[in-house]
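K.L.:
As they're listed, the protein sequences go chains A and B. The first sequence runs 189 to 487 under our numbering. The second sequence runs 2 to 432 under our numbering.
Keep in mind that the hints are not guaranteed to be accurate.
[Unchecked claim] Listed below are the simulated DSS-like cross-link pairs for lysine-lysine, each with C-alpha atoms no more than 30 angstroms apart in a straight line: (1) B:K275 x B:K101; (2) B:K33 x A:K265; (3) A:K279 x A:K265; (4) B:K275 x A:K265; (5) B:K173 x A:K306; (6) B:K173 x A:K258; (7) B:K33 x A:K258; (8) B:K119 x A:K254; (9) B:K335 x A:K336; (10) B:K173 x A:K262.
For the record, the hints were derived by calculation from the structure and aren't laboratory data. Keep in mind the model is a prediction, meaning the values are calculated, not measured.
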Amino acid sequence: MALRTLTRALGSLSLAPVAAATPGRSLFPTAQVTNNGLLQRPSALLLPCRPILTSEALGAKSVSWKSHTKYTIKPLKMRKTGGRDHTGRIKVHGIGGGHKQRYRMIDFLRFRPEQEAKPGPFEEKVILVRYDPCRSADIALVAGGSRKRWIIATENMQVGDIILNSDHIGRMAVAPREGDAHPLGALPIGTLINNVESEPGRGAQYIRAAGTCGVLLRKVNGTAIIQLPSKRQMQDLLLGSLVSCFPTSFPFSLSIRTFPRVLPSTLAGFSPTWCILFHLLSLSGAGNVHSNSRSRIQC
Amino acid sequence: MALASGPARRALARPGRLGLGSYGAPRRGAYKWGVRSTRKPEPSPPERVYEIPGLEPITYEEKMHFVPWLARPIFPPWDPGWRHPKFRRVPPIHEHPLYKDQVCHTFHQRCSLLEGVKQALWLTKAKLIEGLPKKVLSLLDDPRNHIENQDERVLNVIYHARLWHCTGDIPKRETYCPLIVDSLIQLCKSQISKHPSLARRIYAKNYRLSTTWNREALLLQVHGSGGARLNARDPLPPIASREEVEATQNHVLETFYPISPTIGLQECNVYDEKDNTGFQEGYPYPCAHTLFLLEAASVRSYRFPPDQLRAKMIMFAFGSALTQARLLYGNDTKVLEQPVVVQCVGTDGRIFQFLVLQLNTTDLASNEGVKNLVWVDSDQLLYQHFWCLPVIKKKVVVEPVGPTGFQPETFKKFLALYLHGAVGAKEPSEA
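Isolated chain A (complex conformation) (with noise of 0.2 angstroms):
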């Protein structure tokens, strides 16, 4: 095709002399020759013409690495961009290179029964705590019925630990466990909480980094203020996803050395009246939501 727009623009271009130039286009602004019925021909040495394709990118063929539809725990092999889009070309510089990742299929949604024929709280055993190279936060492999499945490590997450998954509100708060997941509107105000999702159902897309927790500030209304890992205050319907719990009585030091595990968090799960999410602007100032909580933590 881009043969075919360069042949055509050399075909416009003559070699012999033109009889007639326009007005507004003659190269030589004293010669008034005006001959408007004539095809206008422009010499081949100095006249514009047509823009010229010499390059073109060619469509490239990458396929997403992303092909496994079902959940399984095996670690798939991953495809790395270094930075380039679908067409090719480098988007974001600086990306490229590293060492070869296998990808490991988290579950972000902690409340996910078995069978939907059986809902209601259920518990599930860990089985093994390893380093997942995708992530700064460690992963768990966590057995419950007969699935098993890999969620994000809290930091003191051992093998052989029962944590409870749950869904249900109760009139009096829960008290929280260590890799618990809860409904929001279960936990007590001031927990630390990690893997938080904004509406219930979604999936946990909050607080996933190593070293970060968020703070369940208050309940209000039926919804429940948590103070992201920035500072940013976020409001999100009491059901929300499960998070894991890190009671706030339970003294933890961060050092630079026990970083992989992503503090505990809880997910606080809530009655179904109204969702309403927005960010209230931090006082500090406006600040990333997914910011990197290592920065932070170091200084």
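Place chain B on chain A using the hints.
P.N.:
Chain B alone, transformed into the frame defined by chain A:
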């Protein structure tokens, strides 16, 4: 209101969504795996006209071309009348003749049970006893049962399997593991001159096994192939006495909440409930004597850890014992008068696991009653390590070529298991 923006503003503007009785669906669901091109598109629903009963929809079928204002006709599936061998259409799973609604949890040779031996014991309703039974251990100590130059010959077997038989420097586990087992069995067969009843056995490879049983409303199946099996004409005598068998009634099977006992098993809807011993009727060696399970994969992640290997041994030994019991005593669930005994040896070429299983009952549906017995001797090293090339540091041979940490006890146990059932005067079992 001024603070609300984006989704919040839309939510406030639309009061209909606010008053929800139940949780309500999230605006955007949880992450779905796979990109759009790999997700199967949902089949388009048929035209609304077909939903009205008793109405004959007017379609463009007779016109033989598309007409936008007539309904889309639904054609019956076309059968071309012949099958091209290259383009075979796999019929949906519901049309398979062996399809059943009840799910069957199948254990095959690649199933790795998460809880290992505990899970296998629950599935087979068995009680674990550490160490081999006294009857077998007595065969071990008897000097009449030893082979001449036993240690030297076993070392030769190890050298041959791990070093001599291959042309390269270091043979792979896929070659040396089956070779070690075959050579050790050949060594045991040299005792035929002393015990003629050893000749009433045959060594079979790549057998198939299939058996089904119910366990507390679960349908379980062992369906496997591969490995080797030593068959005999005469069954093994029972090991535990009647009193010990009755004493197992008080034993409570260990559960592992919150993990269900079917974790790691494959769920199938297409299965056959028939028992299959792997051999046809009229086979001259009907009784299973010992099973040999090999973990011969070179890559460590493809091999089973010792606990999972022992679980696999329990399941396959149980499967063999159950098919044999059903063949002898019928399909009724009952406590067996004559318990069926099957042995099993599992190895990865270096570490051996020994197992003896006694099937006391085929009544497996309930958790009460008599349990089966399993004796396990785990993690018996034949040798600690084998140096194929000598370790030389500063021109001094630090480690010579050969095995380090050789333990002759392991082969003695192997021999004892082999001779069990064939040695003439059996020691009286100690209560």
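K.L.:
Given the hinted pair B:K335 and A:K336, is their alpha-carbon gap at most 30 angstroms?
P.N.:
Distance ~36 angstroms between B:K335 and A:K336 Cα, so the pair is violated.
K.L.:
Is the hinted pair B:K33 and A:K265 satisfied, with a Cα-Cα distance of at most 30 angstroms?
P.N.:
holds (18 angstroms)
K.L.:
Hinted pair, alpha-carbon criterion (30 angstroms max): B:K275, B:K101. Please report holds or violated.
P.N.:
Between B:K275 and B:K101 the Cα gap is close to 14 angstroms, so the pair holds against 30 angstroms.
K.L.:
Under the criterion that the straight-line Cα-Cα distance not exceed 30 angstroms, is the pair B:K173, A:K262 satisfied?
P.N.:
Holds, at roughly 26 angstroms.
K.L.:
Within a Cα-Cα threshold of 30 angstroms, do B:K119 and A:K254 meet the stated pairing?
P.N.:
Cα-Cα ~37 angstroms, so violated.
K.L.:
Does B:K173 pair with A:K258 here, judged by a C-alpha cut-off of 30 angstroms?
P.N.:
Given pair B:K173, A:K258 is violated - Cα atoms ~35 angstroms apart, limit 30 angstroms.
K.L.:
Are B:K33 and A:K258 close enough, with their CA atoms no more than 30 angstroms apart?
P.N.:
holds (9 angstroms)
K.L.:
Is B:K173 close enough to A:K306, meaning Cα to Cα at most 30 angstroms?
P.N.:
violated (49 angstroms)
K.L.:
Mind checking the alpha carbons of B:K275 and A:K265 for me, to see if they're no more than 30 angstroms apart?
P.N.:
violated (40 angstroms)
K.L.:
Holds or violated: A:K279 with A:K265, Cα cutoff 30 angstroms?
P.N.:
holds (23 angstroms)
Violated hints for the displayed structure, listed by number in ascending order: 4, 5, 6, 8, 9.
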